[in-house]
Amino acid sequence: MHDDHGGHGHPNYFLVFAALCGFTGLSIMADVVTLPYGVKIVAVLSVATCKALCVMSWFMHLKYERAWKYVLLAPTTILALGLPLALMPDIGEHYYTPDVPQVDDYAEAVAHAAEHVGGHAETHAVHPETTTPDSGATSESK
Amino acid sequence: MRKFWCLFFMFWPIAAIVYSAMSPAYGWWFPGDSVTELGQRIDNLFYLILIIITVVFIGTQMALGYALWKAAHNEDEKAHFSHGSHNLEVIWSVAPAVILLFLALYQMDVWRDFRVKAYFPEGTIETPIAEVTARQFEWRIRYPAPGKKLQPKPQPDDLYAVNELRAPIGRAVMIQLRSEDVQHAFFLPHLRIKQDAIPGQIIPIWFKAEKKGIYELLCAELCGWGHYKMRAQLTVEREVEFQDYLKKLQTDQNYDGFPTSDSVAKKEE
Amino acid sequence: MSTAEVALGHDHDHDHAHAPDAHGHGHHQLSFIQKYVFSEDHKMIGLQFLFTTLLMLFLGGGLALGVRWQVAFPWTDLPILGRILFPEAGGQMSPEFYTMLFTMHATVMIFLVIIPILAGAFGNFLIPLMVGADDMAFPKLNMMSYWFMWPAMLFFGLSFYHGGAAAGWTSYPLLSDLRQSAPYSGSAQTYWLLGVTFVGVSSMMGSVNYMTTIINMRAPGMTLFRMPLTIWSMFITAILQAFALPVLTAAGFMLVFDRLDFGGYFEGIHSTFFVPAGLVVNNAEPTVGGGQPLLWQHLFWFYSHPAVYIMLLPAMGMVSDVLSCMCRKPIFGYKPMVYSMSAIAGLGFIVWGHHMFTSGMNPALGMTFMVSTMMIALPSAVKVFNWIGTIWGGRVQFNTPMLNCVAFVSMFVVGGLSGIFMASVPTDIYFHDTYMIVAHFHYVIFGATLFGVFAGIHFWYPKMFGRMMNETVGKWHFFLTFIGFNGTFFPMHMLGIAGFPRRYADPYLHPYLEHLMPLNQFITYSAILMGFSQFLLLGNFFVSIFNGKKIGRNPWNANGLEWTAPSPPGHGNFDILPVVYRGPYEYSTPGQVDRDFLMQTDPPLRKTASTVAATPAVHH
Amino acid sequence: MSHSPTPGSAVPPIKMGIAIPNSKLCLWLFLGTEIMFFTAFIGTYIVLRLGSKGWPTSPDVTHIKVFWGGLNTFVLILSSYFVVVCHEAMNQHNFAKAQKFLQMTFALAIVFLGIKSYEYYGKIDHDILPGRIAENDYQAKKKVLSESEKAVTNRLTGLVKQLNSLKIEYAKPEPANDQGKQRAVIQDAVGKLKASNSPALADYEGFVEMDKAFGEMKQAILAEQITSSEVGKKLSDLQANAQWGWVFKSVHEPHPILYGNIFASCYFIMTGFHAIHVIVGMILFVIVLKQGSNLDGKWTDFVENSGLYWHFVDLVWIFLFPLLYIL
Ligand code: HEA
Ligand code: HEA
Ligand code: CUA
Ligand SMILES: [Cu+2]
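Chains as they are written, first to last, in this note's numbering: chain A, 1 to 142; chain B, 1001 to 1269; chain C, 2001 to 2620; chain D, 3001 to 3327.
The shape of chain A in the complex, shown without the other chains (with noise of 0.2 Å):
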């Protein structure tokens, strides 16, 4: 039947899920203490992988598979990676100039903001950083 993994026993799901677990307090860790940005980038997306890796390997047995985990995975992963990859240099960048009225809009508000003495102007709403018109993406946020 479908036991072909017979001989192993089977592993601690406890330990997996203690792991996963931990695992799920540290990415709250990354967000709690302030890290660079990218640093925290990198932090909080290798601890995903691994939780990742962590359920595929054990709680869905593909340690145990034999060869066609490879087969199907393999194409899978390379197309969910390369997929938003290629999108990158179209959306995720932009060669031509983007015409955006928001950004300009606000932009103009700040600007605005700042001849009114006291500046109230500038909105609890948005995270004054995140949006300066010409700090590119959100690199350098919270």
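Any given hint could turn out to be false.
[Said to hold, decoys possible] Restraint-style ranges between C-beta atoms, simulated for each label pair:
hint : chain 1 : residue 1 : chain 2 : residue 2 : range
1    : D       : Ile3276   : B       : Tyr1160   : 47 to 53 Å
2    : A       : Ala67     : C       : Val2037   : 41 to 47 Å
3    : B       : Thr1251   : A       : Ala107    : 34 to 40 Å
4    : D       : Gly3158   : A       : Thr77     : 28 to 34 Å
[As the list claims (entries may be wrong)] Simulated crosslink set (DSSO-like; lysine-lysine; CA at most 27 Å straight-line):
hint : chain 1 : residue 1 : chain 2 : residue 2
5    : C       : Lys2335   : A       : Lys69
6    : B       : Lys1078   : C       : Lys2035
7    : D       : Lys3298   : A       : Lys63
8    : B       : Lys1070   : C       : Lys2335
9    : D       : Lys3298   : A       : Lys69
10   : B       : Lys1153   : D       : Lys3142
11   : D       : Lys3097   : A       : Lys63
12   : D       : Lys3150   : D       : Lys3181
Note that these hints are calculated values from the structure, not bench results.
Fair warning: this is a prediction, and the values are worked out from it, not measured in the lab.
Yeah, the Cβ is synthetic: ideal placement off N, Cα and C, and Gly gets one too.
Once you've looked at the hints, dock chains B, C and D with the ligands against the given chain A.
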């Protein structure tokens, strides 16, 4: 009957070639020589590819026909038994690979000159002559006032025209392409230029028209029911004429009586 | 039993045995509904797909003739239908109607004809028979994949009812996204998207099923490299669908959500994936947004380029089988054929950008896509040369399947070669969105795929119905279609070179195109000829079901497993459990005297010929 | 399982294919397609975010709280754990135990959806809904205006209707929704109510006062004299009024959120489709749970496969959590 079908499959490629060869004479061909040098290079590339694929076309179709002919008249009791040939496979993968790689690399410079900003002719990027905004279903053109530079945002003294773009002859010029609503494409068949206008982006296009004249400007990306009638003109004229035109636009625009300029009149149509 | 169960667990009986007597399907009578309507038999499902798609071909073709009428005789009364459809306009169509016509023409042809006829009809009918299984791995799932076509057709019908989607089959936003940009196709566009989603669900169900069947349900001895190329092509197609289609489905959902705009509390709620801010469409308030229209093009073509190979590969596989049989010769280069199909599939995932060369994509990306696009011509070249190699030295039988196969190869070369003009970016700058493109893809889709399908229909018809189709009618159909086809689409290359834009309701508004009207009229006459010759096919198909010559199991003296089953095969397919000893292309094997084919089930050849005659394998 | 050899055959029978059941193979293939499905959404989110000049990240704006996301992560991991031990119990033919574990999983799925709904509620409450978010000052002011206008209009029609029950004679405005005429009716009614010393008078006088205050704000907005935060102040002044401030309760504060709409679009489509997958998983579990004491070894594959599916749902969340909540 066998002969008929073999000849049938050999006859049609010949008909196709004959038909293609006589097409230019009937005007079923490019709308004249390209008005730009870049367009010339595109045409040359076209002819290069045309030659290559004509050879491949004749070669494969005749091979097919000949193989059929031979096989139809095969007097042997049984067909020739063969599972293939490794050497042949190698030959006919490598040969096209070489041709295709050559093609791919050979034409990169045309693409680069047309699209890569760093390779635009000097001075064009800094001083666009106009901003062309596509909208359903017309082209709005904004020139800077004579002697001024085009600003990204509209200025009070900008000059406007609708469906009438003008450019000086013999000088590489750049326009900024925008769209106000859906996607359109800026297509100048006589200049071999096509570029989509994408909402949310400003895309520069440059060209250097070498021949005076009035050329069609059409929309080449489906933009709604009126897609087909998004018709405009590019007038290529001498530098002085172009400057005069801008001045005329300026006086017309500043004239505060009843509007008389033809651009406004056009708009009323 | 819920369908989830079927897919997730309870398939034991199919796991255990292939012999029909071992799993007890046979012993109860099926009601009419079970047998012909909600059938779980792959053959019936295949036939359901076949009938549906053949009828849809006429709908799509009818729409195409409407398109042709307008391009050749703009603003004149549409014959016959005009007075009924547009009485107020005196029978002449409006530009928005024209836009709708070609959109729905392409939609019907692609989503309701080509894709389902290849994967749905032939895939279903042939896969279990050719791998030697008694049915698909999941018969219920299979049935559902057919019945999910119906909501799709319903939604497309609703779309028609509401005026029809009119943003092209590519549905580029913002035309397809902002309601106010195409007011006449308000909900029609939304229904269209839902229709595409359901076609997607149907294909998805089919593709996981096919993959499972091909991987796990092959007859003993049917190793991967003994599979007929048809099976290989179906397998690769299924993989393409499995990985590409979800992306389109996701993109489709995004577009649907962009279009949502309920009133009441939900007023104004809609996503903005493809909508940049600040657009003023039809004098409405400026849009809010943050999205990017190019994103749709990427996601759409990420599916739709592989999809063009989904529309071609199965036909390539079928043509290989038919060609080999009709030339009485092994397919030339079996493994290269397999590898080249895989290469087409693999490369197919990295060339989608060639549809966007003029879209304002990053030029570096454009170069990359140009190189990969050029490279994809290589495996195609290998295939073309292998087909010619197969014919070379054969003993050709000029019957209808063979003629259609040769036309397939011949037309595919034309379509593929015109693809080279487009693969090269600089020339594509000029040719993009002109009739050059229209010529190109009709040559590959109609010229190649449909001729391949015609070949397939004539070739496997005896297996489907136990009767032959009429040869004379078949040849006339082929002859007229071929002439009409080339008359229609070859001149379109010239239109393209002349800069004739596609999707134009009235191109003659532009003076430099005026002189092309007579050529377009010629094209339209050819299209009418081609269109009406399809009635020969339809007539032949339906009349032969009742009147065709009855035949035995293996009328073509072919090798595949399907020919060992009765014609038509009963429920469970095989009365003798097939065991496979060799590949499917052993024609004219030396050392064999009394016949020139060796079926996959024939036991290994001994030195003497007598063993051959004594084999239990069934033929004639 | 294997094929019985055909008598006299020269080839030994072989089981073709790979050694897992069709159902599991099919499920894994299906998961492959699911990965691509979510890739499209996640990839879209990533590239759109990188391609935008700014993205709302502050929890005050987005109402995305790491605490709830973390809790939900924990809930899903726990449920994944229960599903896997459930399958283990199935393997050991301990069906009662398996049932119990599956019930736990199911309960946790409900908890997950509960927390998710709570989070959605927070967004809806602040009108952080795609398409409805103001992206600049102007839109924010316009939004306040249209929402308050709606609130005032509602109050107005309500008061006019109420006149019937107060037994006040009045000329029915014609057409009924003509606001000018309705306002005239109210003015008229104020006089009449004063005369009859009705307790409802306060309402009607209140409306007149409110209408005036609202009119001032409207004027200011239309004349573009004030910024959105000033509008916000005005609005909270209105709302603070003890007598009629409640009318403006449904009006949201002006919060222009740059790139707010695309943010909300991505957030809702990713978490929404994830939630749909959770629900599908729950349906699969219900099918098993429904078996009650009939659960037996036949169901092992089914449980395993739904478990695989559930782990996949967990996997998706594992990536959504950092992407949406932390970064
Ligand atoms: C079955 C469908 C199918 C197939 C198989 C193909 C095959 C190919 N297609 Fe096509 N294509 C479409 C369907 C298809 N296409 C459709 C529907 C569109 C339009 C969509 C729309 O916009 O509506 C389109 C559009 C399209 C474009 C976009 C044009 C534009 O909009 O600007 C491009 C550009 O590169 C392209 C290229 C190619 C190439 C290079 C191949 C190659 O795979 C072809 C390879 C084959 C050969 C080259 C012939 C055989 C080879 C030889 C004989 C060897 C020797 C050859 C040489 C040395 C040159 N196609
Ligand atoms: C499988 C794909 C497929 C097939 C088979 C066809 C078949 C045909 N196509 Fe199609 N076509 C597309 C796919 C296809 N097309 C696509 C993808 C587009 C792009 C759309 C877009 O731009 O978005 C397109 C666009 C397109 C255009 C361009 C429109 C434009 O850009 O303005 C034209 C113009 O001539 C055209 C013509 C034809 C013709 C004459 C046929 C003929 O082969 C049809 C022959 C007829 C039949 C086979 C049926 C016979 C029917 C009758 C005799 C009538 C009976 C009537 C009823 C029963 C109702 N097609
Ligand atoms: Cu504008 Cu087409
Ligand atoms: Cu393509």
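Hints versus structure:
1. Checked against the hint of 47 to 53 Å, the pair isoleucine 3276/D and tyrosine 1160/B passes, with Cβ atoms roughly 50 Å apart.
2. Taking 41 to 47 Å as the suggested C-beta distance range, the pair alanine 67/A and valine 2037/C conforms, at roughly 42 Å.
3. Look at threonine 1251/B against alanine 107/A: about 35 Å separates their beta carbons, and that is inside 34 to 40 Å.
4. For glycine 3158/D and threonine 77/A, the hinted distance range of 28 to 34 Å is not satisfied, since their beta carbons lie about 60 Å from each other.
5. Restraint check for lysine 2335/C and lysine 69/A: the C-alpha separation of about 24 Å stays at or below 27 Å, so the hint holds.
6. As the CA atoms of lysine 1078/B and lysine 2035/C are separated by approximately 43 Å, the hinted pair breaks the 27 Å bound.
7. With a C-alpha separation of about 25 Å, the suggested pair lysine 3298/D and lysine 63/A falls inside the 27 Å cut-off, and the hint holds.
8. Between lysine 1070/B and lysine 2335/C, the direct Cα distance comes to roughly 25 Å. Compliance with the 27 Å bound is thereby established for this hinted pair.
9. The straight-line distance between the Cα atoms of lysine 3298/D and lysine 69/A is roughly 25 Å, inside the 27 Å bound, and the hint therefore holds.
10. Between lysine 1153/B and lysine 3142/D the CA atoms are separated by roughly 24 Å; this keeps the pair inside 27 Å, and the hint holds.
11. Our distance criterion of 27 Å between C-alpha atoms is met by lysine 3097/D and lysine 63/A, whose separation comes to about 25 Å.
12. For the hint linking lysine 3150/D to lysine 3181/D, the alpha-carbon distance of about 17 Å falls within 27 Å, and the restraint holds.
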